[in-house]
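Start from the sequences and build out the full structure, keeping to the hints where you can.
Residue numbers (the working numbering), protein chains in the order written: chain G, 1 to 132; chain D, 1001 to 1077.
Keep in mind the hints are simulated off the structure, nothing from the lab.
Accuracy of the hints is not assured; some may be wrong.
[Claimed, not checked] For lysine-lysine, the following DSS-like pairs were computed, each having C-alpha atoms within a straight-line distance of at most 25 Å:
#, chain 1, residue 1, chain 2, residue 2
1, G, K129, G, K71
2, D, K1050, G, K61
3, G, K129, D, K1050
[What the hints assert, rightly or not] Sample of chain G residues with no beta-carbon within 10 Å of chain D, all distances over it, derived:
#, residue
4, R50
5, L104
6, D112
7, A124
Think of the CB as a built atom: it goes at the ideal place given N, C-alpha and C, for glycine as much as any other residue.
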Amino acid sequence: MRIQRASRVVGLLVAVALAAACAHGPKHVATAGSAGAQGAFLLAREAEQRAFDAGAITPEKHLELLLKLRKAFTLHQDAAKLILATPPKGSPPSEYAAMAAQALVLISDVIDALPAGAPKNRAASALVKGGF
Amino acid sequence: MPPALIPILTTIFERGGPALLQLIALANANGEANDVAELNRQIAADEVAKAQIDREIERVRALLAPVPATPIEEPGA
Chain G
1 MRIQRASRVV GLLVAVALAA ACAHGPKHVA TAGSAGAQGA FLLAREAEQR AFDAGAITPE
61 KHLELLLKLR KAFTLHQDAA KLILATPPKG SPPSEYAAMA AQALVLISDV IDALPAGAPK
121 NRAASALVKG GF
Chain D
1001 MPPALIPILT TIFERGGPAL LQLIALANAN GEANDVAELN RQIAADEVAK AQIDREIERV
1061 RALLAPVPAT PIEEPGA
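Here is the structure:
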């Protein structure tokens, strides 16, 4: 009788621990990572625009970086749609990882092309902290 | 675990366990709703960023476009 009760207690404890662990599934982690990445993308876009407005980037380079930024935002948006379509606590499909990696490479290229300074550092640091 | 604790814990979990599990289920549902709201916010923000970039691309392309040649009028012509 005592063993039966003890096992019931242990069973309940395990159920509670499992339920608590499931509250933060891969979908939730991907959502949070995607928010961090978007923050870095927005900082990179702002830093790039400031650099162009200050005359530190030629119009040709600005156009090239804008096209990269646009592609990165499109990839981020498509990846966010994939996470959104993922069932609760499920994992996003494999295309998601490829999209995220491609977007991160594009943003890294944009940040690399920026002149040294605080806006570049902020964007680079956000990219390191964020990520999908 | 002291044997005396077992009946106490059993009572707590038998009465509180289902309520606790319901609370966790509710928290999970809230977590999903929060994720959905956050992802919709991100998708909308991406759309805004893309529209701004498109406008900037058009502006820069216009800056880079060659100025159309205007015929130079000969003096006295």
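Against the structure, the hints come out as follows:
1. G:K129 / G:K71: Since the Cα atoms of K129 (chain G) and K71 (chain G) sit roughly 21 Å apart, the hinted pair holds (cutoff 25 Å).
2. D:K1050 / G:K61: Holds - the C-alpha atoms of K61 (chain G) and K1050 (chain D) are around 18 Å apart, at most 25 Å.
3. G:K129 / D:K1050: Judged against 25 Å, a Cα distance of about 23 Å means the pair holds.
4. R50: holds (12 Å)
5. L104: Given a closest Cβ separation of 15 Å, the condition holds.
6. D112: Nearest chain D Cβ is 19 Å from D112 (chain G), so the label holds.
7. A124: holds (19 Å)
The structure meets every hint from the earlier list without exception.
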